[in-house]
Amino acid sequence: MSTTASAMTTSQRRLPGRSPSKTVLFVLASLISLPLLVVVFSIFNPAPEIWRHLLDTVLSEYISNSIKLMLGVGLLSLILGIVPAWLTTMFRFPLSKQLEWALLLPLAMPAYIIAYTYTGVLDASGPIQTLIRDLTGWGFRDYWFPEIRSMGGAITMLAFVLYPYIYLITRAAFINQSVCSLEAARTLGCGPWKVFFRIALPLARPGIIVGLSLVLMETLADYGTVQYFGISAFTTGIFRTWFGLGNSAAAAQLSALLMIFVAVLVYVEYWSRQKQRYHHISTRFSSLVQKPLHGYQAVIATIVCSLPVIAGFIIPVCFQMYWALLTYVDVIDSAFLTQIWHSVLLAALAAVIATALALFMAYGKRHTASTFTRLAVNISGMGYAIPGTVIAVGVMLPLAWVDKMVDSYFRSHFDVSTGLILSGTLFALLFAYTVRFLAVSLKTVDAGLTKIKPSMEEAGRSLGLSEFRLLRKVHIPMMRGSLLAAFLLVFVDVLKELPATLILRPFNFNTLAIRAYELANEERLADAACPSLAIVLVGIIPVIYLSQSISKSRPGHEFNA
Amino acid sequence: MNSTLELKNVSVAIEGCTILDSISFNLTEGAIGCLLGPSGCGKTTLLRTIAGFEQPFEGEVWISGIRASDKRHLVAIEQRQVGMVFQDFALFPHMTVKENIAFGLAGLSGRHRKQRIRELVDLLKMDDFLNKYPHRLSGGQQQRVALARAIASRPRVLLLDEPFASMDIGLREHLAREVREILKQDGITAVLVSHNQLEAFAMADVVGVINDGRLLQWDTAFNLYHRPGNAYIADFIGEGVFIPGTVIGEKSVETELGIISGSAPLAALPGSPVNVLIRPDDILHDDDSTMTAVVHKKAFRGAEFLYTLALDSGTQLLSLVPSHHNHPVNEAIGIRLEIDHLVVFPPEA
Amino acid sequence: MKLMKSKTPELLFSSLMIILVSITFSVTADESDKVINIYSERKEELIKPLLDRFSETTGIKVNMITAKGDALIKRLEIEGKNSPADILLTTDVARLYRAKSLELLQPIESDVIKAIVPANFRDTESTWFGLSLRARVIVYARDRVDPEDLSSYEALADPEWKGRVCVRSSSNAYNQSLVSSMIVHNGLEVTEDWAKGLVDNFARRPKGGDRDQIKAVAVGECDVALVNTYYLGGMLHSDIKAEKAAAEKVGLFWPNQSGRGAHFNVSGIGVTRSAVHVDAATRLIKFLLNDESQAWYAEANYEYPVKSGIPASATLQAWGDYKADPIKLDQLGQHNAEAVRLMDRAGWK
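Those sequence lines, one after another, are chains A, B and C. Note that numbering that gives the first Met the number 0 has the first sequence beginning at 0, numbered continuously upward. Note that numbering that gives the first Met the number 0 has the second sequence beginning at 0, numbered continuously upward. Note that numbering that gives the first Met the number 0 has the third sequence beginning at 0, numbered continuously upward.
The set of hints was computed from the structure by calculation and includes no laboratory data.
Derived CB-CB ranges, DEER-like:
{"#": "1", "chain 1": "A", "residue 1": "I127", "chain 2": "C", "residue 2": "D142", "range": "17 to 25 Å"}
{"#": "2", "chain 1": "C", "residue 1": "A313", "chain 2": "A", "residue 2": "D414", "range": "56 to 64 Å"}
{"#": "3", "chain 1": "C", "residue 1": "A313", "chain 2": "A", "residue 2": "T135", "range": "33 to 41 Å"}
{"#": "4", "chain 1": "A", "residue 1": "I127", "chain 2": "B", "residue 2": "R135", "range": "55 to 63 Å"}
{"#": "5", "chain 1": "C", "residue 1": "G79", "chain 2": "A", "residue 2": "M320", "range": "44 to 52 Å"}
Computed, partial: chain B to chain A, Cβ under 7 Å:
{"#": "6", "residue": "A50"}
{"#": "7", "residue": "I76"}
{"#": "8", "residue": "V81"}
{"#": "9", "residue": "M83"}
{"#": "10", "residue": "F85"}
Below 30 Å or equal to it, Euclidean Cα-Cα: the simulated DSSO-like pairs (lysine-lysine) are:
{"#": "11", "chain 1": "A", "residue 1": "K364", "chain 2": "B", "residue 2": "K70"}
{"#": "12", "chain 1": "A", "residue 1": "K403", "chain 2": "C", "residue 2": "K33"}
{"#": "13", "chain 1": "A", "residue 1": "K472", "chain 2": "B", "residue 2": "K97"}
{"#": "14", "chain 1": "B", "residue 1": "K131", "chain 2": "A", "residue 2": "K450"}
{"#": "15", "chain 1": "C", "residue 1": "K67", "chain 2": "A", "residue 2": "K403"}
{"#": "16", "chain 1": "C", "residue 1": "K348", "chain 2": "A", "residue 2": "K67"}
{"#": "17", "chain 1": "C", "residue 1": "K113", "chain 2": "C", "residue 2": "K80"}
Even for Gly, the Cβ is constructed at its ideal location relative to N, Cα and C.
Start from the sequences, fold in the hints, and give me the full structure.
The following block contains the structure:
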């Protein structure tokens with residue numbers, strides 16, 4: 000580790016400030032920040048009366064509920080994510096190989112779907128409570144049963160589907176940890192628990208924080224679950240102000256407030272990473288030997304690791320399947336197949352764009368010293384915390400402005416109206432997805448990029464490679480795992496995305512998520528089961544693939560394998 | 000002879016802070032130069048400036064008769080034809096040794112590429128691990144791969160950034176000599192950065208001492224040792240002590256060790272006070288000598304002892320004595336002066 | 000590097016242009032009158048069959064987007080005069096009112112339409128028309144509540160209902176329109192007191208949709224609930240046995256029958272100011288108001304036809320006759336924001 004110091008100093012230095020892609024990078028980052036800035040600029044359109052009302056009545060509740068939600072979801076996701084990540088990395092126990100990838104499955108489950116499903120199951124009129132009453136003859140008020148539609152319920156639902164972000168990144172961090180430092184700790188007299196808390200966890204901290212920040216941002220942006228559970232969180236407040244009070248300016252200002260909050264979070268995360276930087280320098284690895292567990296230890300490990308999968312995936316899917324069996328005859332038709340195609344098409348396109356942009360931006364950010372560019376890149380990674388509908392408005396405004404300009408130009412010069420060129424097209428939709436999900440790909444790619452030491456880039460350059468070819472021959476092959484992860488995470492996220500899709504899509508363009516939502520929102524849970532299951536099924540395939548590529552990324556694994 | 004590498008008054012700043020101040024030197028074809036200095040002196044920045052990773056705000060870098068850098072122009076790194084060996088080797092972990100070496104040979108035809116790789120493999124004895132991945136190799140093996148990769152495309156200048164820093168000390172000098180052999184065999188012009196003078200002396204034809212962003216002296220190792228340009232170099236290179244003295248003639252100085260005369264005229268006027276550099280090899284142990292000094296400390300160096308001796312006045316001297324002369328601490332031993340190169344500096348203000 | 004400088008932005012730009020052009024051609028508004036573009040707040044499932052029939056009978060192709068009403072209004076507003084939308088379909092009157100206030104709708108003067116839609120269910124200036132009626136009623140637990148004890152919305156705030164009332168969140172448009180109507184009838188202060196009393200009587204924090212309120216009444220979590228009738232209809236015909244069973248446990252009560260009548264909202268339609276297919280749009284409105292379509296609303300979604308003289312479906316018949324509040328619906332839209340603030344103050348989540 001003697002080279003750590005010099006690796007750090009070189010990483011702070013940059014190549015001479017003539018990166019050809021710098022301008023492009025700045026323009027791209029600014030473009031992606033634009034919808035978010037549009038939201039922020041709403042501050043200059045004051046709505047004092049509404050704010051007076053909000054402050055007097057509901058704002059404090061919105062804020063406190065959102066904070067409670069974040070704390071709860073954050074904590075539960077950490078537990079659900081880290082513990083299985085450690086167990087499946089370090090030990091071998093029954094089903095551990097299967098659980099390794101199964102733990103990622105809830106990623107494919109949209110939060111609002113799991114909320115609807117669990118409500119249908121656990122609600123007072125659901126099968127479980129009905130069974131209790133039938134068996135005992137009790138009335139509703141004669142027994143206690145946990146209330147699903149509560150703060151606790153919302154926290155649980157969100158954590159069930161969001162913990163995989165933490166699991167995914169933490170597990171990758173555990174796998175990449177030098178076995179040496181773990182073994183060194185053992186020889187220094189640390190027991191396995193102590194190794195976990197004193198060595199593995201602190202070493203994995205940057206990864207854990209990245210995962211946690213994704214979870215928290217997603218929690219803040221959630222609307223479907225909190226709205227259905229009747230929790231007045233910040234997002235419900237935004238939409239209530241917009242829809243109910245009819246004041247979209249004040250709603251945008253609430254969103255801006257949310258963004259400022261997120262900016263603080265992002266800064267705290269950035270700051271915490273600045274303080275500690277772990278470059279893994281050792282050039283040699285010994286492969287990790289998983290310790291087999293026996294007896295009750297094995298049983299406990301299996302149970303602990305399967306609980307998140309059962310709760311976040313198997314139970315909801317089982318009920319979905321039951322409902323789907325009741326309704327598939329009416330729901331599955333040619334339009335349904337078109338919806339699958341649309342969903343996959345959008346998800347794949349958006350994932351390609353977001354991953355390519357993330358690579359370009361993360362790489363560019365590393366090589367440019369311009370404060371503005373770095374700021375723009377950082378802002379463009381914040382869309383993940385903003386509700387999709389708000390982003391949609393932020394996307395529509397500038398696009399419509401461009402359309403208007405083009406239209407009036409053509410009207411005055413050629414007497415032709417071009418109408419809307421950008422608004423209401425797939426372009427607008429893909430733009431919104433990029434704004435919304437760039438954070439996911441950017442963080443994943445950024446993490447992958449730290450694996451490439453600056454000296455490797457310099458070596459490539461000194462061996463005669465242009466920046467572009469360097470990216471192709473060194474970065475992309477070395478970061479294959481991270482790029483794949485970024486692609487798949489965005490793919491799954493877009494597959495589940497609802498609000499932006501709903502409002503920005505072109506005419507007659509339906510997706511699985513829209514279909515599932517429209518039916519579930521009409522409180523037709525059974526009919527919503529088929530599209531929901533289809534989302535999950537389409538999402539599972541990349542999730543499994545992703546998991547397998549992570550297992551392979553273990554250092555010491557031959558890269559060509 | 001043509002200069003393969005020439006720096007003219009190169010000054011470099013990083014983030015507004017001047018790191019290198021008006022550096023000039025040149026290196027003829029096939030010569031090996033070493034930039035020597037304590038950590039943080041700017042030597043790595045100088046290497047990176049030659050490579051094109053940094054741009055000077057003043058001065059020029061010429062490589063093989065082409066102006067590679069000045070404050071307005073910067074030939075792109077990949078077009079400079081410089082090879083570089085990094086401190087951490089920076090081998091590509093996703094490529095085998097062979098692929099790593101072939102990396103810079105994309106311009107060659109398949110046959111020529113194979114041939115060149117063969118040459119390098121023979122030169123650097125890499126047969127055993129040619130198809131392995133870097134993380135399977137020992138430090139020495141990785142080093143050879145890094146070197147092979149850097150020289151594969153026959154760069155105009157090879158740059159080596161502390162290439163032996165991660166080796167154990169015993170191996171360093173040996174490797175340095177080995178690398179020198181290889182470079183000489185291939186006729187490669189090279190610049191090495193080091194903070195270790197033994198490594199520098201073992202490998203380089205010319206050594207430049209850098210301190211605080213300035214190139215203090217660009218000279219052969221012998222001259223740096225025996226004719227240091229200033230007190231800093233005298234102190235930095237090799238061992239030795241300064242004792243006060245007074246100039247009494249054109250070539251003579253009077254000290255408490257007696258009158259010392261050199262072969263060349265001194266720069267100081269008679270009567271002026273000076274500090275005289277006394278190297279350990281200037282003080283010989285001689286039992287017959289009338290001049291004695293007390294052993295204060297001693298360090299065993301295999302063939303020799305390095306004695307720290309104290310004169311009656313309290314002035315300390317160093318002396319290199321063959322190791323069969325084993326004297327205990329506090330014993331007074333006879334010493335004799337034998338100074339070939341008289342080096343004096345004005346006393347510090 | 001030079002290659003990069005020139006080609007990357009160019010490549011990016013040209014590929015973007017290709018994408019744009021290809022998308023543009025597929026979406027550019029068709030100027031012929033054989034097409035009509037709809038922004039619909041009504042879910043596809045609950046309007047598509049009618050639109051399909053419209054296309055069949057008229058040969059006019061229908062393009063549609065469904066989304067939340069206010070989001071659609073925002074989209075209309077942003078797109079301005081370039082908006083491709085001809086029609087805005089909403090599921091409540093406040094959205095229509097808002098679209099009209101933002102000058103997004105144009106008047107359609109048609110005596111035929113005016114003759115069908117009663118004056119209180121359409122805009123005075125003919126910018127929007129109600130298509131189907133949605134009644135907000137009280138449902139009660141048949142086994143625990145005597146319908147004789149029920150009378151009006153107002154009476155639900157009486158102390159005898161403490162801990163017995165279920166209703167969904169005040170973010171719901173139908174709660175907002177109900178409270179708006181009460182502000183019009185009873186004044187702000189009285190209504191606020193009523194809302195506070197109602198909140199006091201809540202059996203639980205508002206959550207879920209209308210079906211959830213019905214289920215809560217069925218299992219005994221509360222005794223009465225405020226819901227829209229068509230949700231009860233949907234449950235009575237549900238594929239899920241439990242839902243059906245729950246619906247059968249509750250009774251439907253028409254409130255305020257001795258006074259102004261039960262609260263009705265509408266799902267409605269308006270022609271946008273940017274519409275280029277005004278004729279087709281007018282034809283669609285008339286089509287949606289014909290007997291067959293009107294009957295469909297009742298058959299498919301258990302809503303009440305806006306047109307009188309349509310024979311009621313069996314489900315609607317079973318719910319009996321009712322007296323509807325004759326309030327001019329645009330007044331509901333006017334007071335919507337006021338209603339929301341009132342509910343915020345009353346602590347109605």
